[in-house]
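Quick note, the sequences are listed as chains A and B, same order. Counting from 1, one number per residue, gives the positions in the first sequence under my numbering. Counting from 168, one number per residue, gives the positions in the second sequence under my numbering.
Just so you know, these hints were derived from the structure itself, not from any lab. Nothing here was measured: the structure is a model prediction, and the numbers come from that model. Incorrect hints may appear among the rest.
As the list claims (entries may be wrong) - Covered by chain A, according to a simulated footprint, are these stretches of chain B (three or more residues, beta-carbon under 8 Å): (1) 276–284; (2) 290–296; (3) 306–319.
Glycine included, C-beta positions come from ideal geometry on N, C-alpha and C.
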Amino acid sequence: MTPELLSFIILAIISIAAAIGMITSRNAVYAALFLILNFGTVAVMYLMLNAPFLAIIQVSVYAGAIMVLFLFVIMLLGAERLNERETRPVMRWHRPLAIVLGAFLLALALYVLLTRLGQSTASVNVFGAGPLEIGLQLFGPYLLPFEVASVLLLVAMIGAVVLTREK
Amino acid sequence: MAPILEYTLKSIVLLLIGAGGFAYMTLVERKFIGRLQSRIGPNRVGPFGLLQPMADGLKLIVKESITPAQADKLIFFIAPAISVIPALIIFAVIPFGNSPWLNLAANINIGVLYVLAVFSISVYGAVLGGWSSNNKYASLGGLRASAQMISYELALGLSLVAVVLMAGSASLNQIVQYQHPGNILGWLIFRQPVAAVLFAITAMAELARSPFDLVEAEQELTAGFMTEYSGMKFALFYMSEYVKMIAMSALFTTFFLGGWSGPGAQDSWLLSLIYFGIKMLVCLLAIVWTRATLPRFRYDKLMAFGWKVLLPIGLANVMVTALLIVLRVPGYR
Chain A
1 MTPELLSFII
11 LAIISIAAAI
21 GMITSRNAVY
31 AALFLILNFG
41 TVAVMYLMLN
51 APFLAIIQVS
61 VYAGAIMVLF
71 LFVIMLLGAE
81 RLNERETRPV
91 MRWHRPLAIV
101 LGAFLLALAL
111 YVLLTRLGQS
121 TASVNVFGAG
131 PLEIGLQLFG
141 PYLLPFEVAS
151 VLLLVAMIGA
161 VVLTREK
Chain B
168 MAPILEYTLK
178 SIVLLLIGAG
188 GFAYMTLVER
198 KFIGRLQSRI
208 GPNRVGPFGL
218 LQPMADGLKL
228 IVKESITPAQ
238 ADKLIFFIAP
248 AISVIPALII
258 FAVIPFGNSP
268 WLNLAANINI
278 GVLYVLAVFS
288 ISVYGAVLGG
298 WSSNNKYASL
308 GGLRASAQMI
318 SYELALGLSL
328 VAVVLMAGSA
338 SLNQIVQYQH
348 PGNILGWLIF
358 RQPVAAVLFA
368 ITAMAELARS
378 PFDLVEAEQE
388 LTAGFMTEYS
398 GMKFALFYMS
408 EYVKMIAMSA
418 LFTTFFLGGW
428 SGPGAQDSWL
438 LSLIYFGIKM
448 LVCLLAIVWT
458 RATLPRFRYD
468 KLMAFGWKVL
478 LPIGLANVMV
488 TALLIVLRVP
498 GYR
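All chains should be built: construct the whole structure from the sequences, respecting the hints.
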């Protein structure tokens with residue numbers, strides 16, 4: 001067993017355990033911490049795929065900025081534990097729907113995994129590059145999606161400003 | 168196996184320097200603030216009080232470690248460690264001198280991004296420590312810490328964007344090389360003064376040191392998120408503050424004061440290390456000096472200052488710098 005495979009297996013176990021821990025935690029702060037651990041393992045996987053730039057972005061955006069905000073809101077509202085009355089589903093149809101959609105996603109992922117198994121992972125190495133190469137890609141072939149995403153973010157930001165503005 | 172051994176040894180040395188630097192930085196701060204306030208400062212333990220940090224450390228080790236009954240035991244226990252680890256790992260990308268063995272990974276081309284990523288996770292220690300204590304003061308301190316650090320991180324990042332634009336590289340070693348070793352006017356503090364001031368202010372806010380120490384404002388919050396901590400756990404929170412102070416000074420030196428450069432530093436690793444140390448010490452003393460001089464911000468003013476003053480200035484600075492570089496103005500690459 002190569003060291004790479006060994007470290008991948010260890011990482012994968014931690015990652016899946018953290019994901020399971022996140023959805024089974026009764027305490028929202030613990031759930032958030034498990035999610036941070038999961039993001040951290042994903043970042044290490046990017047590192048193993050020769051994509052240090054993506055790994056660092058994963059840590060600073062997801063594990064850093066976004067999860068700090070999540071924790072901030074959970075703690076500010078004191079919403080670590082919800083009592084039984086509050087956790088009772090309001091919409092009766094959303095659990096079955098979630099199961100169906102989840103099964104669909106799992107089937108799709110399995111299909112892609114099984115049909116692509118054994119193919120080369122060369123496409124991954126295209127992203128195994130520094131900030132310069134990724135920047136050139138973003139502002140070259142992927143300019144339109146990039147601009148669309150930034151307009152979307154701007155709209156969301158304006159929406160937040162409008163919602164919180166005092167009358 | 169050789170590279171692993173090399174990195175392990177270097178890491179151990181860096182950690183030891185971080186711990187030793189923490190111990191003696193507390194003494195330097197107490198002495199310097201004492202002098203600024205016309206006092207003498209600690210001078211009883213050992214010659215000139217040089218053994219004071221040992222005495223403090225011994226006292227904290229033998230002190231009883233109290234855990235509040237209603238605390239979240241696990242998180243209360245690991246929060247100090249979560250707080251101190253980001254502070255220590257910043258040193259990995261700092262070039263302490265011109266020799267390859269005076270740094271750990273200063274040549275990686277995402278060094279600046281690494282620094283920003285470490286800052287963005289460094290708030291967890293304070294937040295979790297405050298929350299797990301199950302104490303109102305501690306919780307408020309933790310909340311303030313997260314709000315403050317999220318707000319000031321943006322301006323900090325923008326000040327570094329200007330530096331990266333100038334140097335054309337996000338590797339800390341390249342940034343030092345870019346600042347024309349040997350020529351003081353090449354330092355980025357002279358060519359990016361706005362970014363330097365922005366970095367200095369936001370770094371102080373990231374450290375949660377006065378005038379930005381609302382996280383542990385004594386009059387309102389006793390000791391903020393550290394209220395319930397005692398003994399070695401308390402010492403770890405203190406350590407993370409001082410190690411971060413040293414790291415911030417090292418970063419300011421690297422980004423704006425030409426790093427290890429100086430007359431003759433190209434040829435001698437010892438000189439480069441000495442220059443780096445002197446510049447870093449000046450930054451550290453400036454941080455202490457600020458603490459002894461300025462009163463604390465009011466909380467709403469702090470938020471307004473970060474979002475309405477520092478962030479627009481940072482954005483404008485990045486735009487102007489980028490424009491000057493695109494127009495190929497002399498001095499801007």
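Results of checking the hints against the structure:
{"no.": "1", "hint": "276–284", "verdict": "holds (count 6)"}
{"no.": "2", "hint": "290–296", "verdict": "holds (count 4)"}
{"no.": "3", "hint": "306–319", "verdict": "holds (count 7)"}
Violated hints for the displayed structure: none, as all numbered hints are satisfied.
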